[in-house]
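Asker: Chain residues, written in single-letter form:
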Amino acid sequence: MLRFILRRLASGVVLIVVISTIAFGLLYVGGGDIARRILGQTATAETVAQKTEQLGLNRPLYEQFVDWVSHAVVGDFGTSWFTGQEVIQAISSRVAVTLSLVIGATLISAIVAVLLGVWAARRRGWPDRLVQVISVLGFAIPGFLIALGLVIVFAINLGWFKPTGFVQFATSPSGWLSSITLPVIALAIGGIAGVTQQIRGSVIDALRQDYVRTLRSRGLSANRVIYKHVLRNAGGPALAVLAVQFVGLLGGAVIVEQVFAIPGLGQVAVSATNQGDIPLVMGLVVVTAIIVVVVNLVIDILQGFLNPKVRLS
Amino acid sequence: MHPKETTMFRWKRLAAVAAVVALGLTGCSASSGGSEDAGGTLTLGQIVQPTTFAAAQSNWANESPYMQAVYDTLLTADPEGELQPGLATKWEYNDDKTQLTLTLRDDVKFTDGTALDAEAVAQNLVRFRDGAGPNASYLVDMTDAVATDATTVTITLKAANPALLTYLSQNAGLVEAPSAFESSDIQTVPVGSGPYTLDTAATVIGTSYVFNKNPDYWNAENQHYDKIVMNVYGDPTALLNAVKGGQVNAANTLNNNDVAQMEASGFTANPLELNWAGLTLMDRDGTVDPALANVKVRQAINYAFDKDAMLKTVESGFGTPTTQVFPERSAAYDKSLDSAYDYDPAKAKELLAEAGYADGVTIQMPSTPLLGSATFTLIQQQLADVGITVEYGEPGNNFIADVLTPKYPVVYIPLQQGGDWELIQFLISPTATFNPYHTTDDTVNGYIATVQNGTQEEADKAAADLNKYLVDNAWFAPWYRPQSTYVTDANTSVVMQPGNAVPYLWNITPKA
Numbered sequence: 001m002l003r004f005i006l007r008r009l010a011s012g013v014v015l016i017v018v019i020s021t022i023a024f025g026l027l028y029v030g031g032g033d034i035a036r037r038i039l040g041q042t043a044t045a046e047t048v049a050q051k052t053e054q055l056g057l058n059r060p061l062y063e064q065f066v067d068w069v070s071h072a073v074v075g076d077f078g079t080s081w082f083t084g085q086e087v088i089q090a091i092s093s094r095v096a097v098t099l100s101l102v103i104g105a106t107l108i109s110a111i112v113a114v115l116l117g118v119w120a121a122r123r124r125g126w127p128d129r130l131v132q133v134i135s136v137l138g139f140a141i142p143g144f145l146i147a148l149g150l151v152i153v154f155a156i157n158l159g160w161f162k163p164t165g166f167v168q169f170a171t172s173p174s175g176w177l178s179s180i181t182l183p184v185i186a187l188a189i190g191g192i193a194g195v196t197q198q199i200r201g202s203v204i205d206a207l208r209q210d211y212v213r214t215l216r217s218r219g220l221s222a223n224r225v226i227y228k229h230v231l232r233n234a235g236g237p238a239l240a241v242l243a244v245q246f247v248g249l250l251g252g253a254v255i256v257e258q259v260f261a262i263p264g265l266g267q268v269a270v271s272a273t274n275q276g277d278i279p280l281v282m283g284l285v286v287v288t289a290i291i292v293v294v295v296n297l298v299i300d301i302l303q304g305f306l307n308p309k310v311r312l313s
Numbered sequence: 001m002h003p004k005e006t007t008m009f010r011w012k013r014l015a016a017v018a019a020v021v022a023l024g025l026t027g028c029s030a031s032s033g034g035s036e037d038a039g040g041t042l043t044l045g046q047i048v049q050p051t052t053f054a055a056a057q058s059n060w061a062n063e064s065p066y067m068q069a070v071y072d073t074l075l076t077a078d079p080e081g082e083l084q085p086g087l088a089t090k091w092e093y094n095d096d097k098t099q100l101t102l103t104l105r106d107d108v109k110f111t112d113g114t115a116l117d118a119e120a121v122a123q124n125l126v127r128f129r130d131g132a133g134p135n136a137s138y139l140v141d142m143t144d145a146v147a148t149d150a151t152t153v154t155i156t157l158k159a160a161n162p163a164l165l166t167y168l169s170q171n172a173g174l175v176e177a178p179s180a181f182e183s184s185d186i187q188t189v190p191v192g193s194g195p196y197t198l199d200t201a202a203t204v205i206g207t208s209y210v211f212n213k214n215p216d217y218w219n220a221e222n223q224h225y226d227k228i229v230m231n232v233y234g235d236p237t238a239l240l241n242a243v244k245g246g247q248v249n250a251a252n253t254l255n256n257n258d259v260a261q262m263e264a265s266g267f268t269a270n271p272l273e274l275n276w277a278g279l280t281l282m283d284r285d286g287t288v289d290p291a292l293a294n295v296k297v298r299q300a301i302n303y304a305f306d307k308d309a310m311l312k313t314v315e316s317g318f319g320t321p322t323t324q325v326f327p328e329r330s331a332a333y334d335k336s337l338d339s340a341y342d343y344d345p346a347k348a349k350e351l352l353a354e355a356g357y358a359d360g361v362t363i364q365m366p367s368t369p370l371l372g373s374a375t376f377t378l379i380q381q382q383l384a385d386v387g388i389t390v391e392y393g394e395p396g397n398n399f400i401a402d403v404l405t406p407k408y409p410v411v412y413i414p415l416q417q418g419g420d421w422e423l424i425q426f427l428i429s430p431t432a433t434f435n436p437y438h439t440t441d442d443t444v445n446g447y448i449a450t451v452q453n454g455t456q457e458e459a460d461k462a463a464a465d466l467n468k469y470l471v472d473n474a475w476f477a478p479w480y481r482p483q484s485t486y487v488t489d490a491n492t493s494v495v496m497q498p499g500n501a502v503p504y505l506w507n508i509t510p511k512a
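Quick mapping for you: the protein sequence lines, in order, are chains A and Y. So the first sequence is numbered by my numbering: it starts at 1 and just counts up by one. So the second sequence is numbered by my numbering: it starts at 1 and just counts up by one.
Read the hints as simulated data drawn from the structure, not as lab findings. In this text, a Cβ means the ideal position worked out from N, Cα and C, and glycines have one as well. It is possible that some hints are incorrect.
[As the list claims (entries may be wrong)] To give a feel for the contact side, a few chain Y residues facing chain A, derived at Cβ under 7 Å: (1) Asp235; (2) Ala401; (3) Thr433.
[As the list claims (entries may be wrong)] Dumping the calculated SDA-like pairs for lysine to any residue here, alpha-carbon to alpha-carbon at most 20 Å: (4) Y:Lys97 - Y:Glu182; (5) Y:Lys312 - Y:Asp258; (6) Y:Lys227 - A:Val167; (7) Y:Lys407 - A:Ala45; (8) Y:Lys296 - Y:Glu354; (9) Y:Lys407 - Y:Glu354; (10) Y:Lys158 - Y:Ala512; (11) Y:Lys407 - A:Val167; (12) Y:Lys227 - Y:Leu254; (13) Y:Lys407 - Y:Gly393; (14) Y:Lys158 - Y:Gln123; (15) Y:Lys461 - A:Val167.
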């Protein structure tokens with residue numbers, strides 16, 4: 001198992017290096033006149049030239065890249081060109097916000113999807129058709145529309161939640177819960193649609209297996225068969241879908257954080273990319289890549305726990 | 001325990017948890033709104049984050065509230081635009097206006113406990129000039145700033161700068177404590193002498209900035225709130241939702257599309273005109289497009305635009321049609337010039353024919369989705385109607401850089417309407433940023449020289465003559481002055497500041 005984890009970690013490191021290199025090249029090639037973008041239209045040509053030199057943008061690209069890498073490997077991602085904040089500080093203060101949304105949405109997706117998927121697979125008939133319709137709707141309706149609808153109904157009309165903003169858990173646990181409820185629901189709906197279909201299909205397949213009949217013939221209750229044995233077998237494919245959903249939710253958080261004005265990675269990614277804040281964008285690229293690698297590693301380990309054959313392969 | 005009792009106990013426990021959560025949610029929702037706290041806390045909706053808190057690289061306009069919260073300026077401006085004392089109580093020029101002497105207050109302390117003196121002010125002025133900030137050019141004429149005694153600063157200039165005093169009431173006049181100069185946190189932790197201090201623990205950089213009242217502030221009259229929160233809304237929908245949900249007391253708006261909904265939520269719309277929108281006909285010497293050297297071609301472009309229709313389509317009717325670049329508050333402004341080139345496609349075609357371009361003209365322009373694709377389509381259509389073909393280039397992120405290089409003869413970009421001298425330096429003088437072909441004209445230069453060196457009366461007349469000359473010679477093809485809208489809730493009063501994107505902080509007050 002240890003070798004398996006080490007191998008995965010090594011390939012993760014290679015992935016992060018490749019992604020960073022490509023991102024750096026793309027940002028600088030398509031970045032345009034960065035100093036002009038920082039200073040705006042009123043700055044004179046002389047000031048723009050002075051700023052360019054100050055930022056070291058007049059140096060050859062490879063030199064800038066080597067400089068960035070030599071600092072990045074020791075955790076120094078530089079300073080944001082647009083806020084003056086250290087990149088690592090800007091990201092660390094926002095990672096927890098985004099992760100609380102994405103983990104919350106993933107957990108809700110998993111729980112609701114298991115309940116709906118099992119219900120549809122066991123009952124078939126109209127519950128199955130209803131779940132299928134709900135899944136298709138969840139897929140079809142864009143996340144930002146769901147977010148807007150939730151804000152209008154539950155925040156503006158009913159006044160149950162704040163329409164925008166985020167409260168830190170340490171400041172007020174109830175305020176934190178209030179501030180993430182609507183964004184998490186908005187994010188979770190798409191996830192529920194995907195995972196429910198996967199669970200439903202896997203459970204239907206598993207229920208047809210011989211071992212299920214054997215378990216039933218031994219007198220085990222239907223719930224015990226489903227939740228202890230069938231779901232364990234159906235869990236593998238569902239976990240794979242959840243992993244993809246988790247990564248997808250990081251992207252979905254971009255829109256949701258904008259609509260709810262939540263200070264997460266998505267919000268800062270949009271503003272940093274629009275502005276051309278290269279140090280911050282590069283920091284975000286690396287951190288997101290690390291999150292994706294770690295999530296995939298955790299899922300692989302969980303898969304191994306659920307199915308020993310995975311560990312052997 | 002009886003099984004039924006166990007079940008009941010579980011349900012009761014569940015109900016209690018649900019009630020606590022519900023109370024928590026409701027309680028939070030009610031206490032975190034901005035409006036109910038008015039008087040104690042002011043919550044502002046900002047459309048940009050501060051790029052820096054370092055005074056030497058500071059920005060102004062939409063960023064001015066951040067700066068005015070933590071810093072003082074040497075001078076201030078009242079809502080009529082008249083200069084008033086700030087840290088400087090007296091200011092005096094020598095005869096040829098190349099030396100300015102400022103007399104400072106002697107009772108001001110920075111929040112680090114040190115006293116504000118002339119040496120600190122002189123250092124700030126030099127740092128602003130040399131700091132490569134967006135407005136460093138404001139002090140480009142300054143040869144030096146010297147503390148002649150503890151409360152006197154003398155600024156020497158290469159040449160008279162009619163806008164210098166105004167600049168000293170804006171970011172060029174911000175004074176930061178010298179202790180911050182070498183600080184590694186200078187961009188995020190301001191040390192000033194302003195009415196508030198930044199609460200760095202409660203601030204989330206880029207999202208929410210919290211300021212607490214400075215108890216030792218020398219001018220308590222300007223402290224209307226105990227606490228000010230500035231929340232950043234980069235997305236129009238989020239801003240609209242924050243307004244509708246009562247999460248802000250006052251906010252600048254990202255566009256005029258949502259103003260009606262904000263008014264319906266009980267907010268008051270406070271309009272202001274800051275920019276002009278239209279074409280800058282940069283290549284007046286015909287360097288890359290010889291047709292533009294002909295004034296009749298430039299006038300034809302002016303006649304080709306249905307300005308009312310453009311305003312209605314692009315800005316939903318919020319704004320005023322115009323054909324001049326000087327703002328209404330300027331001495332150069334002439335109302336009759338707002339309709340100097342009323343929409344007349346027949347006249348445009350006639351002028352093109354007279355100029356020898358009866359078969360039409362082709363002009364190159366840059367386009368960018370950031371300024372709205374629909375506007376570029378309208379430009380193409382309106383000019384095509386009179387026989388002018390527009391071919392767009394796509395410079396991407398290099399839009400402004402390519403315009404100023406210069407690569408294009410004509411550009412559409414809304415530009416700011418500052419004070420007269422600022423506008424001349426930005427748009428008109430041979431070295432102006434938006435005169436990239438360095439068009440020079442003896443008549444224009446003569447007017448500029450009078451604005452720079454004449455008496456106030458002479459300068460005002462020269463500015464008015466310059467304005468008329470530019471309109472007659474079609475240096476630009478303006479369409480309208482778009483309206484910006486600042487909204488305030490029922491508990492908040494505001495007095496707009498002419499020429500600034502948002503009101504000055506001390507002009508936002510609790511409604512009596």
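Asker: Look at each hint and say if it fits the structure.
Answerer: Structure-based check of all given hints:
The restraint placing Asp235 (chain Y) at the interface with chain A holds, with a minimum CB-CB distance near 4 Å, inside the 7 Å limit. For the restraint placing Ala401 (chain Y) at the interface with chain A, the shortest Cβ-Cβ distance is roughly 3 Å, inside the 7 Å limit, so the hint holds. Checking Thr433 (chain Y) against chain A by beta carbon gives a least distance of about 6 Å; that is within 7 Å, so the hint holds. Straight-line distance between C-alpha atoms of Lys97 (chain Y) and Glu182 (chain Y) comes to about 34 Å, which puts the hinted pair past the 20 Å bound.
Restraint check for Lys312 (chain Y) and Asp258 (chain Y): the C-alpha separation of about 15 Å stays at or below 20 Å, so the hint holds. Taking the CA atoms of Lys227 (chain Y) and Val167 (chain A), the gap is about 18 Å. The hint holds against a cut of 20 Å. Proximity of Lys407 (chain Y) to Ala45 (chain A) is assessed by CA-CA distance (about 15 Å); at most 20 Å being required, the pair is judged to hold. The hinted pair formed by Lys296 (chain Y) and Glu354 (chain Y) meets the criterion: a straight-line CA distance of about 8 Å does not exceed 20 Å.
Between the alpha carbons of Lys407 (chain Y) and Glu354 (chain Y) the distance comes to roughly 28 Å, so the proposed pair goes past 20 Å and is violated. Of the pairs offered as hints, the one joining Lys158 (chain Y) and Ala512 (chain Y) is violated, with about 48 Å between alpha carbons and a cut-off of 20 Å exceeded. Restraint check: the Cα-Cα separation between Lys407 (chain Y) and Val167 (chain A) comes to about 49 Å, which exceeds 20 Å; the hinted pair is violated. For the hint linking Lys227 (chain Y) to Leu254 (chain Y), the alpha-carbon distance of about 25 Å lies beyond 20 Å, and the restraint is violated.
In summary, the hint linking Lys407 (chain Y) to Gly393 (chain Y) is supported, as the alpha carbons are separated by about 10 Å, within the 20 Å threshold. Of the pairs offered as hints, the one joining Lys158 (chain Y) and Gln123 (chain Y) holds, with about 18 Å between alpha carbons and a cut-off of 20 Å not exceeded. A hinted pair counts as satisfied when its Cα atoms are at most 20 Å apart, and Lys461 (chain Y) with Val167 (chain A) does not qualify at roughly 57 Å.
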